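A.B. asks: Just so you know, the sequences run in chain order A and L.
All residue numbers for the first sequence refer to my numbering, where the first residue is 34 and numbers rise by one.
All residue numbers for the second sequence refer to my numbering, where the first residue is 72 and numbers rise by one.
Calculated from the structure, these hints are not laboratory results.
Among the hints, erroneous ones may be present.
[Said to hold, decoys possible] Under the rule of at most 30 Å between Cα atoms (straight-line distance), these lysine-lysine pairs were calculated in the DSS-like manner:
1. L:K135 / A:K345
2. L:K131 / A:K326
3. A:K326 / A:K178
4. A:K112 / L:K135
5. L:K131 / A:K345
[Claimed, not checked] Selected chain L positions facing chain A (in silico; Cβ < 10 Å):
6. C118
7. W124
8. R156
9. R184
Only a predicted model underlies this, so the values are computations on that prediction, with no experimental measurement involved.
For every residue, glycine included, the Cβ atom is placed at its ideal position computed from N, Cα and C.
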Amino acid sequence: MAQSSVRPPGVSAAAFKDALKAFGEIVGPEWVLVTEEERHSYLDAFAPGNPDEHAASAAVAPKSAEEVQAIVKVANRYKIPLWPVSTGRNLAYGGSAPVLRGSVVLDLKRMRRVLEINEELGYALVEPGVSFFDLFDALQAAGGKLWISTPAPGWGSVIGNALEHGLGYTPYGVHTDTICGMEVVLPTGELVRTGMGAVAGTREWQIFKYGYGPVWDGLFTQSNFGIVTKMGVWLMPQPEAVANVVVSLPNAGDLPVMVDTLRPLRLNDTINATYTIMNPFRSIVDGFSMQGKSRPDIYQGRDSIPFDVVAKELAAEGRALWNATFNLFDRDKGLDLRLAAIQEAFAHVPGAKVLTKRWQRGQPIEQWMRVQPGLFALGIVDWYGGPGGHMNFAPVVAPIGKRVGDLYEAIYKRFVEYGVDYYCGLLNVGPRALLVNAVMFFNRDDEDLIRRGRELYRVLAKDGIAAGFGDYRAHISFMDAAADMYTFNGHALRALNERVKDALDPQGILAPGKQGIWPHALRGNKEGHS
Amino acid sequence: MKAMGTVVMLGMWFAAFEGVAFATAEAVLSAQEQEGKHLYDRTCIYCHGPGLWATNRIAKRLDKDHALLENRTDLSAEGIRAIVRSGVGSMPPLRKTELSDAEVDAIAAYLTRTAR
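Please model the entire structure based on the sequences and the hints provided.
C.D. replies: What follows is the structure, given as structure tokens:
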């Protein structure tokens, strides 16, 4: 077996060699991936900086939960940190790369069975390697009565995206809410099933989340407390009809009124899926990517692209400064009622335009419906000309116009100060929350821009602490900084997470540093990893 | 492996790509090339299909005649393998757990097929 030039910290070369040999005896030596080319494929493809800072020492790819259990036991024996990934496409958040350099990636992509599709009850039971493409195909093959909710990139894992609190654009778009029942390998190797799955012989695992006693599913999301090897996911029955709505407002200061007008419509379920409010800059970028255009075509300055350049581009395309888009899912007559209510609400907003289009069952699925996975989102990554990447800062805020407007402007000022273009989409997570998803693009060979982007993230996190906001998800380089934002009572939540971590994972082998949760032995090194 | 000749219609992607309509042509694919096309349609097409972002990006960097990989006649199997495994630009590497070496070879065989 080839040797790796990177080792887990604190593990001798001999012990690491023995561990890899033991992994190979479990999965077969061909699935212990340790050559330079193989390890390279697990680097963060969109790394904001040197990807070697988060290099894995190897990857091991099991085929079953039993193999995962055996790997975990070996990892405990040799104190090898494992970094589980489902499909490893968590791009912009680290991809498949670990927080702790030298961890062994536990690549679950080979576990890609769709174990059950239940059209009567609207759910599927899947393994972690099942991508949105895979599940879409399986549902179509089963008859097409159920639809998935897919995030922007379709090669991500259904399980992984739900565990990372990902979003889609249907009524089932809060993916963590669609989780129903998990099978989990604990950090010490035991296998458990949550909810009704704890009843041996149950047929109700995927229909009731709560079981009896504490609900554990949430503890395995955005955490390092267990490895999810199976998961139930609720799926939407195919609706009779879908409508797309684009709301446009003309003025630079129209974000608060957009938010305040959408809020009651979302709260009373007139808008029954995720909406996205695009800032002016985002509106031009999304259009550019499909045209093969990028920033150098309109602006070459090293500063943040000026607002008047953006406004001029939008005007040339006949588009407004603020655009919101969302889809509605209902029977055809139901859509009529929903659209009438939306038109009526925006009739009171000066300059508002509402454009719609419709789909009915039997017609071909169209891209705007956002129910068929794709990879269109990758096209924006080369905004600065490429090869590109991006990182995100996405604080959670209530959809109250002034509060959102103030936060949006505060972030905007920082982007201008650090000379980074301000691509921002505001997405609702259910009816009561918005993410202000501020995206920092960069060219991966532009050290200066990357440095400014990294500094920008850190200053935004500090601003967030001062103003009482928290980020919802973070790149592996910023997981500690994001966790630092959750400050109440001397970071009491982090202390609780650490107590749970130490209880479940006494050797600290599972995903050290994920979401800022470090095992006892590594807690002192935290700053070195963020 | 027994060659199972299959007639496929290439260039069914006749949707206009920046004003260019691709001509259709018939070709007989070997079993490996057929598998490669199947994998291409499941893996590569989402970015490299007609009118999609990677196609448009290549058109800008090279020219429109080189934009659609399926129409190229200047690709080498070795180059395809290197790009799939190492990535290029915004395309991340595809790992062995996503595509086996044999599957990458099949895609390379399809994109370098001589019968067009």
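A.B. asks: Can you list which hints this structure breaks, lowest number first?
C.D. replies: 3, 4 and 9
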